[in-house]
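Those protein sequences? They're chains A and B, same order as listed. Per our numbering, the very first residue in the first sequence carries number 1; after that it's consecutive. Per our numbering, the very first residue in the second sequence carries number 1; after that it's consecutive.
FYI, nobody ran anything at the bench for these hints, they're computed from the structure. Check each hint, because a few of them may be wrong.
To be verified - List time: in silico DSSO-like cross-link candidates among lysine-lysine, alpha-carbon distance up to 27 Å:
hint, chain 1, residue 1, chain 2, residue 2
1, B, Lys12, A, Lys179
2, A, Lys187, B, Lys23
3, B, Lys23, A, Lys295
4, B, Lys23, A, Lys203
5, B, Lys12, A, Lys188
6, A, Lys352, A, Lys91
7, A, Lys204, B, Lys12
8, A, Lys207, B, Lys33
What the hints assert, rightly or not - Among the chain A residues that face chain B by a calculated CB cut under 7 Å, a handful are:
hint, residue
9, Pro20
10, His22
11, Gln65
12, Asp99
13, Ile131
14, Thr132
15, Arg139
16, Asn145
17, Glu149
18, Glu150
19, Gly153
20, Asp191
21, Val195
22, Asn199
23, Pro301
In this text, all values refer to a predicted model and were calculated from it rather than measured experimentally. All C-beta atoms in this analysis are idealised placements derived from N, C-alpha and C, irrespective of residue type, glycine included.
As a plain string of letters, each chain reads:
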Amino acid sequence: MGEFLTDNIKTQEYFLNMGPQHPATHGVLRLLLQLNGEIVENIDMDLGYVHRSIEKMCEHDTYQQIIHLTDRLDYLSSHMNNEAVALAVEKGLGIEVPDRVKVIRTMMSELTRFASHALWYGVNAMDIGAITPFMYGFRERELINDIMEETCGARLTMNYNKVGGVRYDLHPNFQKKVKDFIKHARKKLPDYDAVLSNNIIFKKRMKNVGFIDKDNAVLYGLSGPTARGSGVSCDVRKVHPYSAYDRVQFNEITFTEGDSYARYRVRIREMWESLSILEQLVDNIPEGDYKVKTKAVLKLPEGSYYQKVESARGEFGVHILSRGDKLPYRVKFRSPNFANLSALNKMAKGVKIADVVAILSSIDIVVPDIDR
Amino acid sequence: MSYLSDITGGIKSLLGGMTVTGKYFFINFFTRKEVITEEYPDNMDTLKMYDRFRGEVVMWHNENNEHKCTGCSSCERACPNGAIEIIWKKEVNPETGKAKRAIDKHIYHLGMCTMCGLCIEACPTDAIEWGQDFHHTTYDRTQLTKVLNKPGSKVISGTKE
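Given the sequences, and given the hints that come with them, work out the whole structure.
Okay, here's the thing in structure tokens:
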């Protein structure tokens with residue numbers, strides 16, 4: 001604690017708790033702000049409020065049973081998390097899934113990504129003080145939730161993937177509903193820009209706030225839209241294509257500004273890309289089986305297997321260490337949110353308290369994924 | 001100069017946003033076409049969940065109070081959370097006088113269930129299935145432990161594992 005004399009006013013450094021019950025931290029995350037007046041000097045992050053020891057629980061579950069636990073990590077991109085585990089185990093067992101499964105998985109991932117970004121769009125606006133965009137974001141998300149509920153059986157924790165395919169075949173209404181959704185979303189997305197992206201207050205709150213340059217973004221291990229806002233080309237879908245991403249055309253969105261507004265624009269543009277991927281696949285779902293027959297007891301050969309996917313927030317990785325047993329010896333999840341949050345201190349140094357909320361919101365964290 | 005252009009640009013952007021919100025306001029005021037919210041507890045009569053919706057695990061019974069569960073414990077082994085317990089009893093066959101193991105209770109702990117669906121996939125006789133009810137709130141957690149086979153129910157004769 002140091003004392004300062006600025007403009008003949010004696011000030012003192014002090015600490016402020018943000019959280020663990022602060023609505024802008026999207027869960028239970030405690031930030032200890034070290035302040036000088038209203039200027040943030042340093043941020044200490046206190047994690048672990050929603051720690052459920054999921055990695056340890058995985059050591060007691062078989063490979064089919066692990067998948068449903070990953071729903072509970074980053075619950076807004078649960079489908080990608082499921083897919084990562086399924087792909088890792090399939091890689092270890094040498095299972096080649098049918099084309100239909102690959103396309104279904106890709107479509108579901110993109111729907112989930114859109115839903116996640118739509119929710120983030122609303123929540124981001126809400127953090128900054130606008131209520132209306134929240135309703136618009138949830139309107140589109142609700143349509144996707146309906147599609148998910150009809151095909152997967154749940155709205156949030158879909159648990160749709162399994163080792164060797166997916167759990168159910170697509171619902172007969174799926175194609176029609178996705179087409180309707182694409183048409184609807186293409187009409188509504190320009191509203192997003194009119195209401196929020198071009199709004200002068202929003203722009204002033206987001207532009208030149210929370211800057212992180214390209215080198216530091218790489219240094220901190222950022223991934224996903226947070227890194228792409230700083231010009232790092234890191235889209236796993238492009239760099240290491242999995243499932244059906246090698247057969248669709250889409251652009252990797254990067255902006256070089258590195259501020260909160262760039263991260264915002266990356267996500268808005270990614271929604272458009274998701275729609276274009278869905279449009280390419282919705283009429284080209286190959287016929288075939290939706291799963292391959294696997295053994296009742298899966299035993300992964302001894303060794304370590306790593307599979308990464310692009311979740312809505314960045315690179316989600318699964319590292320399975322097997323000793324040839326039916327249970328994994330160790331499972332490690334590489335969560336994008338943990339790395340993204342670690343850069344908050346760098347981004348928020350020297351800004352005002354209110355900007356911390358805007359920056360935290362622009363990173364788009366999901367706390368259960370950080371604590372695991 | 002930039003001060004003035006800031007003000008005009010700001011007003012323009014605000015008006016752009018107001019056009020969108022105003023559009024929805026008037027559409028919904030006159031036609032209610034774009035209303036997306038539902039009044040949840042009031043629409044209970046018309047609310048229908050999708051067939052695949054995972055609300056809770058239920059056991060199917062026919063009109064003679066018979067079910068298909070042989071008590072093979074496949075679901076118990078498949079459950080990652082230990083939410084299912086099968087309790088056995090000894091049943092004496094009146095004709096031959098031999099004692100045979102039979103299912104007594106199929107206990108389902110809803111409070112421990114994560115709705116992963118592995119039990120239903122594991123069931124060899126399709127005895128358990130998804131129920132669409134999602135009103136699980138109770139005042140006491142003991143009420144979340146359910147016995148799925150109804151009292152006095154029997155296995156449909158001829159059901160094989």
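Here is how each hint holds up against the structure:
1. B:Lys12 - A:Lys179: Violated, because 34 Å separates the two Cα atoms, which is more than 27 Å.
2. A:Lys187 - B:Lys23: 14 Å, holds
3. B:Lys23 - A:Lys295: 57 Å, violated
4. B:Lys23 - A:Lys203: 23 Å, holds
5. B:Lys12 - A:Lys188: Given pair B:Lys12, A:Lys188 holds - Cα atoms ~20 Å apart, limit 27 Å.
6. A:Lys352 - A:Lys91: Answer violated: A:Lys352 to A:Lys91 is near 48 Å, above 27 Å.
7. A:Lys204 - B:Lys12: With Cα atoms ~15 Å apart, A:Lys204 and B:Lys12 stay inside 27 Å; holds.
8. A:Lys207 - B:Lys33: Roughly 36 Å between the alpha carbons, so the hint for A:Lys207 and B:Lys33 is violated.
9. Pro20: The hint is violated - A:Pro20 has no Cβ within 7 Å of chain B, the shortest such distance being about 25 Å.
10. His22: 27 Å, violated
11. Gln65: Constraint on A:Gln65 satisfied, holds at 4 Å.
12. Asp99: Nearest chain B Cβ about 23 Å off; hint violated.
13. Ile131: With Cβ-Cβ at 10 Å, over 7 Å, it is violated.
14. Thr132: Interface hint status for A:Thr132: holds (6 Å vs cutoff 7 Å).
15. Arg139: 5 Å, holds
16. Asn145: 11 Å, violated
17. Glu149: 5 Å, holds
18. Glu150: Hint on A:Glu150: holds, closest Cβ of chain B at ~5 Å, below 7 Å.
19. Gly153: Holds: closest Cβ of chain B sits about 4 Å from A:Gly153, inside 7 Å.
20. Asp191: Interface hint status for A:Asp191: holds (5 Å vs cutoff 7 Å).
21. Val195: For A:Val195, the interface hint holds, since the closest Cβ of chain B sits about 5 Å away, which is under 7 Å.
22. Asn199: 5 Å, holds
23. Pro301: Hint violated; A:Pro301 Cβ to chain B Cβ min 23 Å, cut 7 Å.
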